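> Chain by chain, the residues:
2 protein chains.
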Amino acid sequence: MKRLTIIIACCILSMNSFAQQQLGQRPRVTSPVINQDGTVTFNFYDPSAQRVSINGDFEEIRNQRLNMTKQDNGVWTVTTSVLNPELYSYSINVDGQRFIDPANSYVNRDIATLSNIFIVTKSTDDKGHLYAVNNVPHGTLSRVWYDSPTLGQQRRMTVYLPASYDGKKRFPVMYLLHGHGGDETAWGDLGRASQIMDNLIAEGKCVPMIVVMPNGNPTCNAAPGWWHEGMYTPDGNAFNQRGAKASMEESFMDIVNFMDSHYMTIAKRSGRAVTGLSMGGGHTFGISRLYPDSFDYYGLQSAAARVQRNNAKFEEQMARLFASKPKLYWIAIGKDDFLMQQNTDLRQYLDGKGYKYEYYENDGGHIWRNWRIYLTMFAQKIFKD
Amino acid sequence: MKRLTIIIACCILSMNSFAQQQLGQRPRVTSPVINQDGTVTFNFYDPSAQRVSINGDFEEIRNQRLNMTKQDNGVWTVTTSVLNPELYSYSINVDGQRFIDPANSYVNRDIATLSNIFIVTKSTDDKGHLYAVNNVPHGTLSRVWYDSPTLGQQRRMTVYLPASYDGKKRFPVMYLLHGHGGDETAWGDLGRASQIMDNLIAEGKCVPMIVVMPNGNPTCNAAPGWWHEGMYTPDGNAFNQRGAKASMEESFMDIVNFMDSHYMTIAKRSGRAVTGLSMGGGHTFGISRLYPDSFDYYGLQSAAARVQRNNAKFEEQMARLFASKPKLYWIAIGKDDFLMQQNTDLRQYLDGKGYKYEYYENDGGHIWRNWRIYLTMFAQKIFKD
Numbered sequence: 001m002k003r004l005t006i007i008i009a010c011c012i013l014s015m016n017s018f019a020q021q022q023l024g025q026r027p028r029v030t031s032p033v034i035n036q037d038g039t040v041t042f043n044f045y046d047p048s049a050q051r052v053s054i055n056g057d058f059e060e061i062r063n064q065r066l067n068m069t070k071q072d073n074g075v076w077t078v079t080t081s082v083l084n085p086e087l088y089s090y091s092i093n094v095d096g097q098r099f100i101d102p103a104n105s106y107v108n109r110d111i112a113t114l115s116n117i118f119i120v121t122k123s124t125d126d127k128g129h130l131y132a133v134n135n136v137p138h139g140t141l142s143r144v145w146y147d148s149p150t151l152g153q154q155r156r157m158t159v160y161l162p163a164s165y166d167g168k169k170r171f172p173v174m175y176l177l178h179g180h181g182g183d184e185t186a187w188g189d190l191g192r193a194s195q196i197m198d199n200l201i202a203e204g205k206c207v208p209m210i211v212v213m214p215n216g217n218p219t220c221n222a223a224p225g226w227w228h229e230g231m232y233t234p235d236g237n238a239f240n241q242r243g244a245k246a247s248m249e250e251s252f253m254d255i256v257n258f259m260d261s262h263y264m265t266i267a268k269r270s271g272r273a274v275t276g277l278s279m280g281g282g283h284t285f286g287i288s289r290l291y292p293d294s295f296d297y298y299g300l301q302s303a304a305a306r307v308q309r310n311n312a313k314f315e316e317q318m319a320r321l322f323a324s325k326p327k328l329y330w331i332a333i334g335k336d337d338f339l340m341q342q343n344t345d346l347r348q349y350l351d352g353k354g355y356k357y358e359y360y361e362n363d364g365g366h367i368w369r370n371w372r373i374y375l376t377m378f379a380q381k382i383f384k385d
Numbered sequence: 001m002k003r004l005t006i007i008i009a010c011c012i013l014s015m016n017s018f019a020q021q022q023l024g025q026r027p028r029v030t031s032p033v034i035n036q037d038g039t040v041t042f043n044f045y046d047p048s049a050q051r052v053s054i055n056g057d058f059e060e061i062r063n064q065r066l067n068m069t070k071q072d073n074g075v076w077t078v079t080t081s082v083l084n085p086e087l088y089s090y091s092i093n094v095d096g097q098r099f100i101d102p103a104n105s106y107v108n109r110d111i112a113t114l115s116n117i118f119i120v121t122k123s124t125d126d127k128g129h130l131y132a133v134n135n136v137p138h139g140t141l142s143r144v145w146y147d148s149p150t151l152g153q154q155r156r157m158t159v160y161l162p163a164s165y166d167g168k169k170r171f172p173v174m175y176l177l178h179g180h181g182g183d184e185t186a187w188g189d190l191g192r193a194s195q196i197m198d199n200l201i202a203e204g205k206c207v208p209m210i211v212v213m214p215n216g217n218p219t220c221n222a223a224p225g226w227w228h229e230g231m232y233t234p235d236g237n238a239f240n241q242r243g244a245k246a247s248m249e250e251s252f253m254d255i256v257n258f259m260d261s262h263y264m265t266i267a268k269r270s271g272r273a274v275t276g277l278s279m280g281g282g283h284t285f286g287i288s289r290l291y292p293d294s295f296d297y298y299g300l301q302s303a304a305a306r307v308q309r310n311n312a313k314f315e316e317q318m319a320r321l322f323a324s325k326p327k328l329y330w331i332a333i334g335k336d337d338f339l340m341q342q343n344t345d346l347r348q349y350l351d352g353k354g355y356k357y358e359y360y361e362n363d364g365g366h367i368w369r370n371w372r373i374y375l376t377m378f379a380q381k382i383f384k385d
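These protein sequence lines map, in sequence, to chains Y and D.
For the first sequence, the positions run 1 to 385 when this note's numbering is used.
For the second sequence, the positions run 1 to 385 when this note's numbering is used.
It cannot be assumed that every hint is accurate.
Identical copies carry no separate label here, and so any pair may be met within one copy or between two of them.
[Said to hold, decoys possible] Below, simulated DSSO-like cross-link-like pairs (lysine-lysine); rule was C-alpha separation at most 30 angstroms, straight line:
#1 K384 x K356
#2 K268 x K168
#3 K70 x K325
#4 K335 x K325
#5 K327 x K353
#6 K169 x K268
These aren't lab readings, by the way, just hints derived from the structure by calculation.
Keep in mind that this is a model prediction, so the values were computed, not measured.
Work out the full structure, taking the sequences as your base and the hints as a guide.
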């Protein structure tokens, strides 16, 4: 009996949707709509769909579904509760299939998956405003190919030059490293790095600086589609170090040397910072041990940074690093991050040795929302003394 | 009776799909698959969908639908006939709704609509190869903000520097203009300009040059999402000249002056070319009349370029332009282009006056496939004497 009900329901829905498709004019749909009251409404036209939902990273649903309701005109709709200022990601699920919202052309790519984005902002001192394009001077964002003799490759990276870069004055450089599965586009797109830097610099909250976002995968020259391997579909395991001539850390000074020879950099320790998230935090940890005299500021964000116990070389590197007195050794991580234990171990090790560092802990896990916050904080801590 | 058959068919399809969703493991889908024999297979998993098709710009279907067939595992599939080498665009239609193929993260944006792309290439001298990222030296692609005193704005443009640009040697500059509804990202994304230039330069088919792709909408500072107006949804009529302080043509030398003062350009007539498509072809036409001594090479691609009858100023401008003996005045258009009559009128006018130009006509209409061909041809014609 229950099955029969379902069958009949299906028939009615199917007929209904066919009729609507034939009869109705296709309504014009705007989505998302950021409402005056701080809620956000999603709209999606599909008279024949049976279940439609929004999957987003809004706080109140925490990566779960927000079910949409079908209206008489075939438009499904749902309105969130009031959202805090933030850059949000979402996709639309139609009868079990994940899609991009056809009404929203703003997307970010994370590895091989596209998600829609939108920004909620309420005042000029909130995160949404910081991540938005505002009416301020804008830096130049370039995709640059550099030569890496260590890796035997031409490699692609992203270079941000501040609006005041004129080819005459020298600027300090922040090297900003992505995580596993990411590439040289990650910090600019998912991390909103150029908007954050434009806005912080315009507000006088950070020093004008060059930001270099290299590709941290030594077996891969460039982001998917920008490498001569073609339009392949990467997955989370697409890039590992098997077959690489050297590691990211070992080849890192190729990037620094390229920057110092091609741009007006402050080519010394006091003009260099390096920070990265997850795998890039691990790279930062490695770089700090390999080249302790080359950088004055380090930022480990949700870092894959493991203490190497009973390893004399590691101990020696760490001793030399902290003997060199870096101006900042910063560790930042969210309470729910799966790398929390590694970072706790690292802090205990540093505490035990009396090595000086700063620590920041906030809510949340291993997510871009946190990495944008860490970039914002780190950028304001460096090159000021 | 027919209706009843449809109803029963709906029921069977619906039950079948529910059962599969509950039972089956979600198959891993790759799409598109470019087959060895030159055909292309699209795959899409959706056990509950009733009709799925691919809408693409493949020659054999000419913007019509390619219906997909559902397999037992819930994966819909269709294979094209053999496709010629080309960059193709498509979307997927599920029960009447247009979506991006969830298995393909490569997309282009045209105004506010995203479409998937893929490339078919068979040999190193076909169009597909020319549009692909190959293992050749790559130029730098930058998003640059310049000051336009004429428009009273900071404005965004795209600048391509050839791989051999080193800040010491001077290079000629091609100004490459988009059409109505486009922006400073159009030629790079839809036009594959950086790939075409990298490949032509690597093959020695064109002179290494700087390519400048400005935003041709004088009421808009930058592409959607990169302007402080926010993440608005543009339509084809979003950008007109109402309220602009000046036209694109009137403000154009602001761009040239910026390039000459910020880059190592050959800052004279013999080092400057200007070309554009549709509205940008019209801009090229206007620029050629306003600044006849500033450019030696002009390319009107599918141009909105109307002869102004009984207009003394127009006659005088045209006379001065051709008296200045530009090295190239090139008109290119497809047989099916809706602007063919305007271009025929223009050619008749030029013929009547004895003004020297070159003409190229090919198949097809007002489409990016043709503009990529015209860019490829124009780039090989300039700066060689």
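> Each hint: holds or not?
To see whether the hints hold, each was checked on the structure:
In this assembly of identical chains, K384 and K356 lie within 30 angstroms of each other by CA distance solely inside one copy; the values are 19 angstroms within and 62 angstroms between copies. In this assembly of identical chains, the alpha carbons of K268 and K168 lie at most 30 angstroms apart whether taken from the same copy (17 angstroms) or from different copies (24 angstroms). Proximity of K70 and K325 under a CA criterion of 30 angstroms is satisfied in neither setting, with 62 angstroms inside one chain copy and 65 angstroms between copies. In this assembly of identical chains, the alpha carbons of K335 and K325 lie at most 30 angstroms apart only when taken from the same copy (28 angstroms versus 71 angstroms across copies).
Proximity of K327 to K353 under the C-alpha cut-off of 30 angstroms is restricted to the intra-copy arrangement: shortest distance 18 angstroms within a copy versus 73 angstroms between copies. When the C-alpha separation of K169 and K268 is checked against a cutoff of 30 angstroms, the pair qualifies both within a copy, at 15 angstroms, and between copies, at 28 angstroms.
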